[in-house]
Structures are given as structure tokens and as C-alpha cells.
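Following the hints, put chain B in place on chain A, whose structure we already have.
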Amino acid sequence: DAKTTQPTSMDCAEGRAANLPCNHSTISGNEYVYWYRQIHSQGPQYIIHGLKNNETNEMASLIITEDRKSSTLILPHATLRDTAVYYCIVRVGDTPLVFGKGTRLSVIA
Amino acid sequence: DTGVSQDPRHKITKRGQNVTFRCDPISEHNRLYWYRQTLGQGPEFLTYFQNEAQLEKSRLLSDRFSAERPKGSFSTLEIQRTEQGDSAMYLCASSLVGRSYTFGSGTRLTVV
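Going down the list, the sequences are from chains A and B.
Position 67 (the first sequence) corresponds to 67 in my numbering; numbering is contiguous.
Position 70 (the second sequence) corresponds to 70 in my numbering; numbering is contiguous.
Misleading hints may appear alongside valid ones.
Pairs of lysine-lysine, DSS-like flavour, derived with a Cα cap of 25 Å [stated by the list, open to error]: (1) Lys69(A) / Lys52(A); (2) Lys52(A) / Lys3(A); (3) Lys3(A) / Lys57(B); (4) Lys57(B) / Lys71(B); (5) Lys57(B) / Lys101(A); (6) Lys52(A) / Lys101(A).
In silico negatives: residues of chain A with every beta carbon more than 10 Å from chain B [said to hold, decoys possible]: (7) Lys3; (8) Thr5; (9) Pro7; (10) Cys12; (11) Gly15; (12) Ala17; (13) Asn19; (14) Ser28; (15) Thr56; (16) Pro76; (17) Arg81; (18) Asp94; (19) Val98; (20) Ile108; (21) Ala109.
Derived by calculation from the structure, the hints in this document are not laboratory data.
Just so it is clear, CB atoms sit at the ideal spot from N, CA and C, and this is done for glycine as well.
Same shape as in the complex, but just chain B:
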């Protein structure tokens, strides 16, 4: 297993466009987390799944953001009608319940 994979690594999009990111967790991990990180800040929690169930969403997650984990394996994070304030690094992590997280290298989104 090669760890947590995120695709793409970089995405540049025009304001108003929709974007989708993919995360492939470590295969045996049942928890999957999405975080967002802006320059100089620590990662901010967005949402997490246990298997295919989305258990919690942060207040930060506006209705333009949606995340899915349809078969309890990979996950997607979609941002609709992107805004410049959405520019950030989007990080995915996976874990077993109650264990430490393994993070991917992130997807850097730039909205122009």
C-alpha cells in the first residue's frame, strides 16, 4: 500500500467553475477525513466518513461543498461555483477508528 493518494496535486480553475477532488485512503482504513489549509494556518476540519456514512460536517462547509464516499473506499470532494476564497490546500486523511491519521499530500486549488 502506498499510503493516502490525492488527485490532482494541483488545480487551477476560474471563479464560478465546479471542481472535484479525489482521495484514495489506505485500503483497510474505515475513517476518511477532509481538511482545508490556507497559508500560515493549521489544517481546518471539513468533514469525515466512517465507511460510507458521513458522520460530521464542519460549520465551515458551505452548501457549495459536498463530499461522498460511495462504497466506503475512495472519496470525492466537490466545490460548486468556486470563489477566490476557496483557494487553499485540500488535505485528505484516513485512519482506523481511534487510531492515528495518515494524511495525503493534498490538492492545491487556485481560483483565478
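The shape of chain A in the complex, shown without the other chains:
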């Protein structure tokens, strides 16, 4: 079973920041937080991952709380093409990714 809790859906205005929360209160010290997204009719796409420090790449930023029990994925300037289901996954080592139901983000013009 997935070890994360995410809202079922969220809306965001185009051009604004999208902040997607994820709770992982039972995370252990060696588990990473991964984010993937799935655009309609495509396979999931890797976004970002982190252990305890905040991370940023060309797609997004990942903010992990100090106690590591929750995190937020930030898309700084959402576009219509960011409309997708976003999955937050905790993973230890090389174990296969376990997906939950994710958050359906709708970016609205």
C-alpha cells in the first residue's frame, strides 16, 4: 500500500504557483520522497526527488519539512500543460515504486 496521503484534486490558475501537498507521516530515515506526474494517455514522468533537503530542478521545487512527515511540490508558474495527476511516493533504496491515487491538478486559464 502507498505510504502517502494526497488531496484527490486541486485547481490552479495559469501562471500562478501550484503547491501540491503530500503527507508521509510514517516515513523512515532512509526513505526518499519522489514525485511523478501522469498526463492523460501517457506514462508517468519523473519530476524530482529528495531525502531531507529542499531540491529544485528545471521542472519544480520540492520542500520537505524538517521532521520529514510532509512535503510540497511547487510548480512555480503553472501552465495548461501541467494539468496531470501528480503522485507522491516514498521509496527506500532500489525497491519498485508504489503509486497511490495521486492528486489531479487542473490548471485553469
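Coordinates of chain B only, in the frame set by chain A:
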């Protein structure tokens, strides 16, 4: 390299027939994964390979399902005696050990 390729994109089959799907991973990736996804759900892990060795199979993978990766390159997933409950999107992904996955676009199976 064009990413992970899956063939066919769509398959309609009659209940009781056998079907086989193919996945061509990114060439340098030694890990290959199979997932199944039904409407409104996240992908469910089925099995994975490191090179030609099948390292793990999910409890979801009944004995009607078999996967192979004979030369550590492409993989096939076969479903025997298909049932309506097998209707789903079958996703393949590849990666290097410990790295992020690259997914294909999937094969959509409809059992009628």
C-alpha cells in the same frame, strides 16, 4: 534513443484468448518494470527485471501472467486465458539501478 517503446498501443481480445505485449527499454538501462493501471487508479507494480533476471513479482501477478526479458534487452508480458478483469493499461518502464524511471506510453488492453 527514442525512449521506452511499447507495442501494440491498443489490443482488443476475446475472453479466453492469449495476448502478448512487448516493451523496448532505453538501451543502456538495466532495469525493466511492468505495471498495470485501471481507470482512476495509480499504476500497480507487477514485476521487474535486472538485465535478464526477474527479481520480483507482485502477489497481483497470477499464474496466467508471465514476463520474460531473454537477452536483457526487450521484454514481453504474456497473459493467458484473458478475463474481463484483465482490461487495463499495461505500462513498461526502464531505469538504471537506483535512478528515476522512464515510462512508455503503455498498451491498452480491452477484453470483450
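To see whether the hints hold, each was checked on the structure:
For the hint linking Lys69(A) to Lys52(A), the alpha-carbon distance of about 10 Å falls within 25 Å, and the restraint holds. Restraint check for Lys52(A) and Lys3(A): the C-alpha separation of about 17 Å stays at or below 25 Å, so the hint holds. Straight-line distance between C-alpha atoms of Lys3(A) and Lys57(B) comes to about 20 Å, which keeps the hinted pair within the 25 Å bound. Restraint check: the Cα-Cα separation between Lys57(B) and Lys71(B) comes to about 19 Å, which is no more than 25 Å; the hinted pair holds.
For the given pair, Lys57(B) sits about 21 Å from Lys101(A) by alpha-carbon distance, which is consistent with the 25 Å threshold. A hinted pair counts as satisfied when its Cα atoms are at most 25 Å apart, and Lys52(A) with Lys101(A) qualifies at roughly 24 Å. At roughly 13 Å from the closest C-beta of chain B, the C-beta of Lys3(A) stays outside 10 Å, upholding its exclusion from the interface. The beta carbon of Thr5(A) is kept farther than 10 Å from every beta carbon of chain B, the shortest such distance being approximately 13 Å.
Every CB of chain B lies more than 10 Å from the CB of Pro7(A), the least distance being 14 Å, so the non-interface label holds. The non-interface label for Cys12(A) is consistent with chain B: the shortest C-beta to C-beta separation is roughly 21 Å, beyond 10 Å. Under the 10 Å C-beta cut-off, the non-interface status given to Gly15(A) relative to chain B holds; the minimum distance is some 28 Å. At roughly 23 Å from the closest C-beta of chain B, the C-beta of Ala17(A) stays outside 10 Å, upholding its exclusion from the interface.
Against chain B, the non-interface label of Asn19(A) holds: every CB pair exceeds 10 Å, the least being about 21 Å. Listed as outside the interface, Ser28(A) is consistent with that label: its C-beta sits roughly 17 Å from the nearest C-beta of chain B, beyond the 10 Å cut-off. Taking the minimum C-beta to C-beta distance to chain B, about 16 Å, the non-interface status of Thr56(A) holds against the 10 Å cut. In this structure Pro76(A) is separated from chain B by more than 10 Å, as the shortest Cβ-Cβ distance comes to about 21 Å.
With a minimum CB-CB distance of about 16 Å to chain B, Arg81(A) clears the 10 Å threshold, and the non-interface call stands. At roughly 5 Å from the closest C-beta of chain B, the C-beta of Asp94(A) falls inside 10 Å, breaking its exclusion from the interface. Its beta-carbon lying about 6 Å from the closest one in chain B, Val98(A) breaks the requirement of being farther than 10 Å from that chain. Its beta-carbon lying about 21 Å from the closest one in chain B, Ile108(A) satisfies the requirement of being farther than 10 Å from that chain.
Annotated as non-interface, Ala109(A) keeps its C-beta farther than 10 Å from every C-beta of chain B; the closest such distance is 25 Å.
This entry does not satisfy hints 18 and 19, going by the numbered hints stated previously.
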